[in-house]
Each structure stands twice: as C-alpha cells, then as structure tokens.
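Student: Each chain, written out:
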Amino acid sequence: MDFESYDVLVVGGGLAGIRAAIAAVDANPRLKVGMVSKVYPMRSHTVSAEGGAAAVLRPEDSYETHAFDTIKGSDYLADQDVVEAFVREAPVEIIQMEHWGCPWSRDEDGKISVRPFGGMTTWRTCFAADKSGFHMLHTVFQTSLQFSQIHRHDEAFATKLLIEDSRCVGVVAIDMRSGRLEAITAKTVIIATGGLGRIYAFTTNGNICTGDGMALAYRAGVGLKDMEMVQFHPTGLPFTGILITEAVRGEGGYLLNKDGERFLKRYVPNKMELGPRDIISRAMVTEFEEGRGFDGPHGKYMHLDVRHLGEAVIDRKLPFMRELGREFVGIDIVKDPIPVRPVQHYMMGGVDADISGATPIAGLYAAGECANVGLNGGNRLGSNSLSECLVFGAAAGRAAAEYASSAGPVSTNPVDALLADETNHIESSYLDKRGGDERIGTIREEMQHDMDAGAGVFRTRDGLEGLTRRLASLRDRFERIKIEDSSRTFNTELTAALELDFMLEMAETIAFSALAREESRGAHARRDFPERDDDKYLNHTVAHRTDGAAPRLEYRNVRITNFKPQARTY
Amino acid sequence: MAEKRITVRATRFDPAKDKAPRLQSYDIPFADESMVVLDALNHIKAHVDGSLSYRWSCRMGICGSCGMMINGIPKLTCNAFLRDYWPRSITVEPLNNFPIVRDLVIDMEDFMHKLKSIKPWIIRKQEYPLGAGEHRQTMDQIDEFRQFSECINCMLCYAACPVYGLNNEFLGPAATALARRYDLDSRDQGIKERLPVLANSEGVWECSFVGECSVVCPKGVDPAKAIQQTKLDTTMRFVLPYGNREE
Amino acid sequence: MNHDGHAKNSRTAYTHLLWWFLFAQGGVIAAILVPIHVLVQGILGPLGIVRVVDRHYDTWIRIVGNPIVKLYLLVLIAVPFFHFAHRLRYLLVDLGVPAARSVPAQVIFYGGAVVITAVTIWVLLTTVPISFG
Amino acid sequence: MKALGGAEAADSTHPPPRVYKPEMPRGWWLRQRHYFLYIIREFTALPMALWLLWLLYEIQRASNGPKGYYPPSSPAFIVFSIIVLAFALYHTYTFLSLAGVIIHIKGVPSRLIVLSQFAAWLVASAVIAAVLIGFAR
Ligand SMILES: Cc1cc2nc3c(=O)[nH]c(=O)nc-3n(C[C@H](O)[C@H](O)[C@H](O)COP(=O)(O)OP(=O)(O)OC[C@H]3O[C@@H](n4cnc5c(N)ncnc54)[C@H](O)[C@@H]3O)c2cc1C
Ligand code: SF4
Ligand code: F3S
Ligand code: FES
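Protein sequence lines, in the order shown, are assigned to chains A, B, C and D. FYI, in the numbering used here the residues of the first sequence are -15 to 554. FYI, in the numbering used here the residues of the second sequence are 846 to 1092. FYI, in the numbering used here the residues of the third sequence are 13 to 145. FYI, in the numbering used here the residues of the fourth sequence are 156 to 292.
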C-alpha cells in the first residue's frame, strides 16, 4: 500500500540510466521519475571509461563514414537503421553534455577536440583527457541533482521485475541499509544496469558489472540478443585487468612483441595500432601462441610503447595513464613501455530492445551496455559505447515518458503478492538458509576461470561444450551455497550471492549462444569455423529462457539498409 | 620459502548485535607483490569470512567507493599496496568522522545533501541553445577549474578534516571544491547562487585550514585551496567597492 | 532517499566574513612585523648586543611621540589581536569546547580585540604627546 | 514496503537502522604529526598576544617619566622573548606559505607569490630593525 510509485523507474545510475532519467523529465516535467542503483550513481562503472565518445562534429567528417565504420566494425551484425539513427543523434548528445558542463578537451579555437580511435577512419572521438567516462558520469549525475522530479534510491539492489498481465510495473529491490525488500512500482521501467564483465576472471569491469539487469529481463521473459559477442580489449594491465585506453594507440602508441616488432603489420597492415579491438586481440593471442610474447609472473604480455610521444603530450592527453602506470605497475610511461594483454572489456550482447529501447514486454525498456538495440553487432568500436549510452538512454527515457503519460495506474494487489513471493524466496534461499558447504567466492572464481578458458578470444566446440557442462555443475553447487552473514544491514554476501546467481545464468546464455554460432564474426572467433558465413549467420541470436538447462535460441535477420556486407579487412 | 603472510585487522560492526565496533584479525597469504589492501579484503570475503562488508567497485582508483582508514590514515584501499606495510600488520577501519553503518561501510548521506546544496550544475542567466553548438572554451580556461573537477567523492578529505569531525554541519572540503569547479568554469554564471551556501555560517569560514584534506586527497584536488580561495573571493566581493558586481 | 538541499542555512554570514577578513589582516601583520620586534626589543636589546630605542627614556619617548610611529604601533598591536581572537576561539573548539563557536563567545573574543584596540589608542594618545621631533 | 523478517514487517514507520556514531577523541591532535603541528600553529597566537601586550605596557610606561622608566633585562624576560620568537617565526613561516595557496593571480605561479611574500617580510624586518637600532643612542 505505501510503496513508492513512479511514472518512470530507471534501474541503474550509470551514464545510460541518468541520461534516461533526465530525458524523461525533459519530455514531461510532470512525471515522477525514480532511480534505483545498487551503488551511489557516481560509482557506476561508466566512471572508469577513459578514451572518449564518438560523434561526427567536424565538417570533414560525415554521418555516412561513422555509420560505415560502425557497421564494418560490427562485422555486419549491426542493424543498419539503428546505426544511421545513432550517428545523427550522437553529435547532439555530445553538445548537450558540453552544455551541462562536461570538461571536454578543446582545440586551440576553443572547440571540442577529437582524437583518432580504433576502427574509425577519421578523428571523431571527443574526450575529456583520459578520464572521459569519469567526467561524463559526474557531469550528468550532478546535472540530474537539479531535477526535483528525480527521486533516487541509492544502494538499492533490484532483485526482480514486477510483471503483471505481461506488463512491467516496477521492481522489487533490497534497500541495502535496512535490508528491507521493497516493491517500487512504476508505469514504466528502464533497465540500464551496465555490463557483466565479472563473469570473467580477467576483466576491465568493476565489481558491480554482474549483468543483473540482463538477468532480470531474461527471467521476466525477454530474450537476450547476441550474447556470444563479448569484446576483449587488447590492452589491459596484467594481474589487475586495469584498462590502458585505446586512446594511447590513438595518440600514436606502438604495440610491440618481444622482438621489438610492430607485429600488427601482419594482421591489420593499413590500420596498424588503430585496427579494431577484436582483430588486434586475436593478433596478440596468435603472437603469444607463436612464442613472440613476453613472459611475466601474470602470463604473457606485449609492450605498449608511448615513449616517443614525449612527456608534454602524455601529460596533456594521457595523464591518468601515467598515474595508473605509476601507481599500479610502478613504471613511468614516459620512460618505460607498458605491459599489456587482451582483457574482457565489453558486452555487445544484451537485452533485446528496439531503437527506442522498448523490449517485447510492455512498459519495459533497456539502454546502455545491458541492452542490445542492434548498434554494436559483433564488435563495438571503441568510443561508440559512451555515445550509445547517451543516445539510447535519452531515447528510452523519452519513449518511457510517452508511454507513462498515457498508461493507466498500477494496481496494488498483485504487487503485494509478488513482493511477498520474492521476500519469501530470498529468505528461504539465502538469509534463513541453514547448512550449505559451498563458498560463493569459490564458485565465482571457478566460473570466471572457466569462462576465460572456454569463451575467450578464441573458441572451439569442445571448449564451449565443456564450458556448458561445467557451468551446469556450478549451478548445482550454487544450490548448496553457504551464507555466513545473517545480518540485515548492508549484507554484501547476500548481494554477492544474488549476483552470482545472475552471472551463472548469463554465462550459460553466452556459452550456448556461442556454441550455436558456427562461424567467426566480430568478437566471436571459432577455431573450428574460422570464416564468416553470411548465408547462414547474417542474423542475431536471441536466447530465451526455458525451464531446462539450455536456452531456446531464435534467429532474427539483421536489418540492412545501405551497406552490403563485404570482406572485413583493415 | 615459507608462504608469506600478513595480518589484517578489520572493523566489525553489526548494528543488530554490537554495541560498538570491534576489530577482528585475519591472517592471510600475501601471495603477490602487486596485492593491494582491497585484494586482502576480497580474499577474506571470498575464502575466510563471507560476512565482512565493505564497498568497492572499480579497483582502479576512480569510482571513489573503497576509502577506509588504513593504520589510521584515510586511503583508497585499491591503491594501498600490501608491500608498503608488510611485515607489519594492517588495521583497516571505516573512514573517520562518519557514522558507521556496518563493518567498513560508512553513512555518506550527509555529503550527498551537501553536494546537492552547492548546486553542482551549470547555471546560466540565459540558456545557450543546443543548436548553437558548443560554448567555446580554451584549454587555459579549463585549467582554471580542472583540478577541482577531478574529485571522485571518495570522502577521504572529510575523514581527514578534524573540523568536520567536530562539527558535521561544516560544508567541508569536497563540496566546496566542487562548487568552485563550477564557479571557475567559463560557461557558468551561478556564482551568486552558490555563494550564500558556501559562505554561510557552516560554510568556508568554519575551515581553520588544517590542510590535511589536501594531503590525503588521492586525486590532487586540493580542496583546502578551494576553500581558502573561496574565503578570499567572497571577502573581496564584499570589501572592494565594485567587488559585488556581475561577472 | 531524496536529497533536498540545505534550505535552512543559505545566507552569506557577513559577520563571519568580517571576522575572517580581520583575521587574515592580523595574520599578515603579525607574520611580517612581530618577529623582528621580538628579536630586537625582546632579545638583542636586553642582552646588550645592539642598542635599541626603547632602552633609553629619551630615545623611546622621542620615537613614540612621532605620529607616524603612533599609527604604526596601533597597526602593529591592535590588528593582530583580531587574528589572535579568531585563532584562539577556534583553538578552543578544536580542543573540545564547542561553545566557543557560539555568538556569546564571538562577542567575548572579538569584543576583546576591540577593547584592546581601544586601549591601544588610548595609550598611544595619552602616553607621550605627539611631537614631530 | 515490507521488511525482511516477520517481526519488523508490521512496523510501517520503519526507523532507519541504528548507526554507530564515533566521537572525536579529545586528544585527536596528538595522534598525528600534522594535526599536532596544526595545533601548534594555532597556538602561536597566544605567546604573540602576550608579547604585544607587554609592548603596549612598555609604551604606556613611557608616561612615567625618566625616573620611572627602566627597560626590562631580566633573564626571565629574555627567555620568554626567545620562546615567543620561536612561535612567531613559526607563524610567519606557515602564514606566508599558506598565503601562496590563497592568493591566486592569473598567470603567476604560487611559488613566486610565496617567495615575494618572504621577500617582503625580509625587507620589512630590515627596515624596522634599522629604525629600532638606528634611532637609539
Ligand atoms: C575500463 C573501461 C573503459 C571504457 N572506455 C570506454 C571509452 O573510452 N569509450 C566508450 O565509448 N566506452 C568505454 N567503455 C564502455 C562504457 O564505459 C560502458 O559500456 C558504459 O559506461 C556503460 O554504461 P551504463 O550506463 O550502461 O552502465 P554502468 O555505468 O555500468 O551503470 C550500471 C548501473 O546499474 C546499476 N545496477 C546494476 N545492477 C543493479 C541492480 N541489480 N540493482 C540496482 N542497480 C543496479 C549500477 O549501480 C550502476 O549504477 C569502457 C568500459 C570500461 C570498463
Ligand atoms: S576532494 Fe579529494 S579526497 Fe575529497 S572527496 Fe574529492 S577526491 Fe576524495
Ligand atoms: S582539513 Fe579541514 S579545516 Fe579546512 S583545510 Fe581541509 S577543510
Ligand atoms: S575500488 Fe574504485 S576507487 Fe577503489
């Protein structure tokens, strides 16, 4: 009865979520907008994005080339109408960010500066030094504080979507402070919960990137699109997985193998260091396998060398990289090459959503990394993601606002029952659970290592089949987990367990989707099927949840408008 | 060689059970030279005691959630290396000057209110239309406020500031730095709206320039500078004949 | 949770502004002028290392009689007391006397500085007649 | 809203969970060198105030006429002055350095500002010393 009720409820306080919330208020200032986030919004993982956001801002650039680069980068798995809409909106959003105070780096004439980025034919990545995501996130978050219509529920962990008559009417969330389960109802819900890098051991993603929103939607009956498409970034710091931004290569850094050779000449001769991530990551792994990598305590690595750029350029454009090198590796990148190796970085796949973020469930939208609106296809180009969060966050916010302005109110009776159900589930499966002998941490680590091994840069049928079996057994073991924390206050063991539950399920969708795609496209590289197969696989995988072990996979044609698939060489 | 180990003492507090926080000691393997204090906590949570609660996310010193007291000094646990402490033991406590919610988790709602109170967004007398493109801003103009825009809201400065510890009403270092970040931005015209909050009786005047806030700041924000400059600016606007004029 | 701003207290505190201004002025005066006076009049003079004006009645009244010197002495003595008042008030707060933040405490401390200013003026006007000798 | 766990569920006002509010210990400033130095810095006000009060008294005594005027030379006074000088110098050092943080002039590096402050201090000291000594007999 006394639960909160909103017109639009955003789950997720990252760049996409906050942009959506502001867009909803902009579209209709009378709406009451709620925002649920399991961490304070400024902690969201957008904060760690470094390189920048792509948009056509220069006269010498064109929508056409940005669209083409994106589509080619996606290995023709992007929906071209979506890409075309995206490249037109991106500049507007970049300017909007500027008006909100984002400290974009500037050119001499005071205009927003751009830098080259992998897979982009021209300079079009706007940046705020090498803390672009940090500045963008803090800018939208601080801007959002002026809207009294936006009510935040910080540190509230969404555990379930409320679905009533096949319409989404809110979420159930644990208020971390009190441990209470609350039903937060709304006429529309936008999921913007970010990525799921934490299902891998070696990842650039933060602790909170556990794919919760994808799992929530999946469990509510929405399909997950292209889950086999997992991006590996070529340049992560060994051990920590901290990202060395692609901007380092954009600014002119070299990738060198142990013979001191710019080995990319054998793989992407025309682009060299500015090739797309999937190809460079594969090149690095191939070099490792052929014995041309450095050997370190944390596995093989390559050198990323920026010494020739000079201290002045580094301090102006890559100051955070210097800081990271100094603090986390103990090197000065002005004087020493940076050790790097490929690292899980981004999830192209996600909640099946259309160009306005709408999912097949009425009132349910998705935006940002957790969504798959069809923009990124088989491989996202660096710096398209932050722009995607803005463009499609705003689109989802507007669409939800429109739906909410006309939708009827949410009835309370079924919500009470759903909440009681979920409360019961969480208490009996976790909090009041007795016995159990499996540690959450152990299962999580095994899953992460299995994913690294079975669904990494290169995949094989054997590897993926083995992975599905191991994941199934981890799921069985998950039933026997031990919960040591019985406190209701800030119980991070409970949330870790819920996250692990989500992650195991998402890992399975990845493994099964990858097993079924018997070709190599974008980030999905099958050793047993090294070629792209446009006849059979120029389509999206959509995974639906079933009661059995494996998801039901469905295929949907890629929408092609102006760009016919060609061989993808750089 | 015997396995290297390190002792970590961490604050435990469950409001439902404990009257006051206490320390619990864990002896854990120090397996890798690159381990940070946060890795030690993660090891404890994953393999020793799942009930230990703390905040963290990025593990790269940018999300601002992992600040704690390490041997009495506020630090980001994700870039405090075990090798700098070993073989001494490490005591990890929640940040000073904040109410403790649970174990190493502090209550930072107070800052969230203060952040909002200083209006941390661009204020303009006249909206600049989106269609007109971007405001022009030179790198020199950015340098004016850059430092103050680097704040990650990690609360180390509040934990270091005794004035805040003695009087929680004090607006404090990070909030003032962020206000100044906007005041100094060439695109902003909101200084007059922010000054009353900065210069009220719980504002900058309370700061007695201990300076420790700037010492502990992991991002070189120098909030102490922001506060002192705000004092001077406010005073000058008042004292100089034309100081109060429009920008 | 929603975060409504600090509505209760958003007015520039002009009294604090004034105290801070005087504190800063006093601090500068004290920093620049005090050490040399202490060194010369408090140490070198009494030790007889150098000859100093205040060690002889005639030189002392001659210089104290000078109006410019009188003005200087007023600045030297009175202004720092606003600095001292401020610091000592906050020192009390730091040492655990929150009452030192209260308005009565402000009246006592800054009032004290005002009293000392008045006393200084009185002393300077009454002690040695103004002369341009 | 509903609480996890039956007992609290009935309570619809749900007070926020209890937090532990730590107190600042009285001796907080003894726990860290920086804090201690800060307290010393603030404390410099007291000895300087006492010394200036003495100076005021010294001026006032000039009205007693030549017979009643005797400048102080007791060792106690000298020791007192030495202590005050130490504090005063500490004040000068901290205050002038900190002023470099406060004053911001476009294009002028703060180190230069600090240096010029110290230069001004030296010049002023020289002038005052010259007057105090030069006009003596
Ligand atoms: C190191 C790094 C560098 C990058 N650099 C770039 C770059 O240079 N350019 C670029 O374009 N892209 C970059 N990316 C990718 C890009 O940053 C992300 O894809 C993007 O920020 C995702 O934003 P988001 O809003 O979707 O999600 P996030 O910012 O991850 O936000 C997710 C939000 O959802 C909330 N949430 C999650 N689960 C729950 C739950 N169960 N209940 C309640 N709330 C929940 C979280 O609290 C959080 O607020 C980078 C990524 C990484 C990791
Ligand atoms: S000013 Fe520095 S210490 Fe304070 S919150 Fe910001 S980043 Fe952290
Ligand atoms: S430590 Fe505190 S007193 Fe001022 S200079 Fe920093 S805010
Ligand atoms: S974990 Fe993000 S700052 Fe330490």
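Please keep in mind that the hints were generated in silico from the structure rather than gathered at the bench. Being a predicted model, the structure only gives us computed values, none of them experimental. Virtual Cβ for every residue (Gly too), placed ideally from N, Cα, C. Just to be clear, a hint being listed does not mean it is correct.
Among chain C residues calculated to face chain D with C-beta under 7 Å, some are [claimed, not checked]:
| id | residue |
| --- | --- |
| 1 | Ile44 |
| 2 | Val46 |
| 3 | Ile48 |
| 4 | Leu51 |
| 5 | Arg63 |
| 6 | Tyr84 |
| 7 | Val87 |
| 8 | Gly123 |
List of simulated lysine-lysine pairs, DSSO-like, C-alpha gap at most 27 Å [to be verified]:
| id | chain 1 | residue 1 | chain 2 | residue 2 |
| --- | --- | --- | --- | --- |
| 9 | B | Lys862 | D | Lys176 |
| 10 | B | Lys849 | A | Lys284 |
| 11 | B | Lys862 | A | Lys417 |
Student: Among all the numbered hints in the text so far, which are the ones the structure does not match?
Tutor: Violated: hints 6, 7 and 8.
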